[in-house]
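A.B. asks: Chains A and B supply the protein sequences, listed in that same order. Just so you know, the first sequence maps onto residues 1 to 504 in our numbering. Just so you know, the second sequence maps onto residues 1001 to 1154 in our numbering.
Derived from the structure by calculation, the hints contain no laboratory data. Please note that the accuracy of each hint is not assured.
[As the list claims (entries may be wrong)] Have a look at the derived ranges for each label pair, beta carbon to beta carbon:
{"hint": "1", "chain 1": "B", "residue 1": "L1154", "chain 2": "A", "residue 2": "G128", "range": "32 to 38 Å"}
{"hint": "2", "chain 1": "B", "residue 1": "G1106", "chain 2": "A", "residue 2": "G366", "range": "43 to 49 Å"}
{"hint": "3", "chain 1": "A", "residue 1": "V187", "chain 2": "B", "residue 2": "N1082", "range": "23 to 29 Å"}
{"hint": "4", "chain 1": "A", "residue 1": "E116", "chain 2": "B", "residue 2": "G1106", "range": "52 to 58 Å"}
{"hint": "5", "chain 1": "A", "residue 1": "A287", "chain 2": "B", "residue 2": "S1142", "range": "19 to 25 Å"}
[As the list claims (entries may be wrong)] Which bits of chain B does chain A cover? Going by a derived footprint, with three or more residues having C-beta under 8 Å, they are:
{"hint": "6", "stretch": "1044-1058"}
{"hint": "7", "stretch": "1070-1077"}
{"hint": "8", "stretch": "1084-1097"}
{"hint": "9", "stretch": "1102-1115"}
{"hint": "10", "stretch": "1123-1134"}
[Claimed, not checked] Looking from chain A toward chain B, a few residues come up when the C-beta cut is under 10 Å (computed):
{"hint": "11", "residue": "N189"}
{"hint": "12", "residue": "L192"}
{"hint": "13", "residue": "L390"}
{"hint": "14", "residue": "N391"}
{"hint": "15", "residue": "M394"}
{"hint": "16", "residue": "M399"}
{"hint": "17", "residue": "M451"}
Here the structure is a predicted model, which means the values were calculated and not measured. The beta-carbon is built from N, C-alpha and C at its ideal position, and this holds for glycine as well.
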Amino acid sequence: MNIFKTLAISTGLTLVAMTIALPAQAQTYMSTKLKDVVTSGTGTINLFSAANGSKQPNPTAATVEWLRQNNGSGLVFAVDVNEAANGTEKASSQGITVKSAKVVAVISGVTYEFTEFSTRTQASVAEGTSTARSMKYTLIGDSGSSRITSNTSSDIYGSDFDATLRVEVPQSLSGASSVRLLVTLMVTNVALGDPEAFYDYTNGFEDVAIVTASDAAYLDGIQAGQAEAPLVIQTSAIELLPSSTIYLPAVDKYYMVTYEDQFPNPGDYDFNDLTVGYRVYLELNNANKVVGIGGVGYLVARGGGFDHDWFLRINLPGSTSGSGVLNLYAPGSAVPASGYPRTINLTGPLNLSVFEHTATLWVDPGRNFVNTERDQAIIDGHRFTFHVTLNSPMNVSQMPAAPYDPYLYVYNTKYEIHLDGNPAVHPLSRNTADGLSGYRDASNYPYAMIMPEDWLTPIEYIDLGEAYPEFVEFIKSNGSTKQDWYMRPNLNAIKNNTPDKWKW
Amino acid sequence: MNTLPNTPTRVIFITAALLALSACGGGGGSEDTVVIPPPVDNECSNTNVNSLCQNPVPSTAKFENFEPATPSVPVPAIVTNNGFVGTRIFVKITGSDSPDPLTGAGQQVLFLGEVSPSDNFSIPVHVPLAETSLFYEVFSDSSSDDIVFGEFLL
């Protein structure tokens, strides 16, 4: 064989081998959780030091340079937003404001600083004690989630990293002897309430990882915690997502709907056969039209032995269409229950079957009821969330009025129980066949009522009027006196299941 | 081990237990079995003067604890009169509870978001009957613009 040909073949084989090897070489650089963290609002993160327990070795200059190129001349960091769940922040939605972020690299003895940074979300917030707000970059996340990325070797896989922070680095870092990320979080004027209260930081530390473009895209795509965060303004002009939200009844207040499930027979008036706390939010676009509908809720008490399904119905116009998801979480779990999320294909009214077979779904072992007996310890209930994106923006005036139509279908009796004024809609119910179009008993009391969040459920068998001595006066005055009757209960007659206990 | 007493005491015990369960919402049952609750004696045995069963109400009685409201914020006038320089205008509408000065918690936000600077802004909200006023803030994306506060009386 001609020696030149041999060389050429050999070289060709080598090139082929190198070509094949290159992707394998590239795949060795993966997202890496870093050892340093952001704590008490500041962080100096050494990019060459992987966290204990990281699946990856310590990054090198070559690693960082590859990641810089992989992210289009920038370094992207994942942050695990880890805030105290107080105020409007909660496990499912937490936020911080980034005051500054920069990458400092030492290359051949020269220090370079790259100070142009961005995140995917912004809010107009006031710093310190100022009452002037301006746009700042924010990071939003949730707690306890387990991210499922395509590559199990990535440190993002199985983690609870939330959002990304990008620093533009137009210069090669291949010769760097040191590369650090310096982050400062903003002290916001929490005395103003939201959005500052939400986007403040506590002393909790935030983990940081340096990530690949694909992991960054994954984290950006899941938008962790954003649905429940206030004033989320997407940084990308391409994403024309809503930045305005109507909260019903309020951002952190819930409607308490409670039932007597003996319909049509009289009940015992303890109004605790099923109690659910729920709230709804409407997302508006810049033309103040509704583009999304979401909600959150919890099982609060189950003081009836009957088996129910609890529905939330929003009587949208027949022309409404959209799609979304319904999630259900077992008490304390950040992971959706088996079978969830469920897809919502919306056509006309939204009718969500939220809590199904309550008698078996939510049980306090050894007890007939949950959170209603006098000597019973309070336990967490299931949580639900839903979100629907409408196909066409809708005028706010086309929305039905809150609190919408939260209703019960009782398996044992095959009756459904709604708030006054709502029709029977369940296909298996016998209300219509039995000629029952209303939901009042012989004394004209309803079988379902909406209470403010401050209302606490009566203890089992205790009449609502006995638990709240001003209630009857409130009703008999047609709502003109004792309007805050629920603030003065007979403390011996109510279960002290306050919102801070059932909102988890 | 069976811990229930023997018949006929057991029958009485079970019957009593079922009645007790029924009175507070039934004793369970399968999806296929329709159990109509036994008629309950309409005579009120609760002697508490505030109990519902002692106090029938008229059929016109209302049970709403919330009422609708439609606050309107004069955004263009506020932007003009206060010389706003920001290009993006935001409105916050809240209940009467003030935020905790240390944590910011406790304030009930009914609306928060970006609005058009050229139109008055109004939205439907749903507030507890006991609420007597709502508050608004108008602010911008510029740190040169102070927050403008206002109040609606309900």
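A.B. asks: Does each hint fit the structure? Answer for all of them.
C.D. replies: Do the hints match the structure? See the list:
1. B:L1154 to A:G128: 32 to 38 Å: holds (33 Å)
2. B:G1106 to A:G366: 43 to 49 Å: violated (37 Å)
3. A:V187 to B:N1082: 23 to 29 Å: Holds, since V187 of chain A and N1082 of chain B (Cβ atoms, about 26 Å apart) stay within the stated range.
4. A:E116 to B:G1106: 52 to 58 Å: violated (38 Å)
5. A:A287 to B:S1142: 19 to 25 Å: For A287 of chain A and S1142 of chain B the Cβ distance comes to about 23 Å; the hint holds.
6. 1044-1058: This one holds; 11 residues, not fewer than the three required, reach chain A with a Cβ under 8 Å.
7. 1070-1077: Contact hint for the stretch 1070-1077 of chain B vs chain A: violated, 0 residues under 8 Å.
8. 1084-1097: holds (count 6)
9. 1102-1115: holds (count 14)
10. 1123-1134: holds (count 8)
11. N189: holds (8 Å)
12. L192: holds (7 Å)
13. L390: At about 17 Å, which exceeds the 10 Å cut-off, the nearest Cβ of chain B leaves the hint on L390 of chain A violated.
14. N391: violated (21 Å)
15. M394: violated (13 Å)
16. M399: This interface hint holds because 8 Å falls under the 10 Å limit.
17. M451: holds (6 Å)
Checked against the numbered hints given earlier, this structure breaks hints 2, 4, 7, 13, 14, 15; the rest are met.
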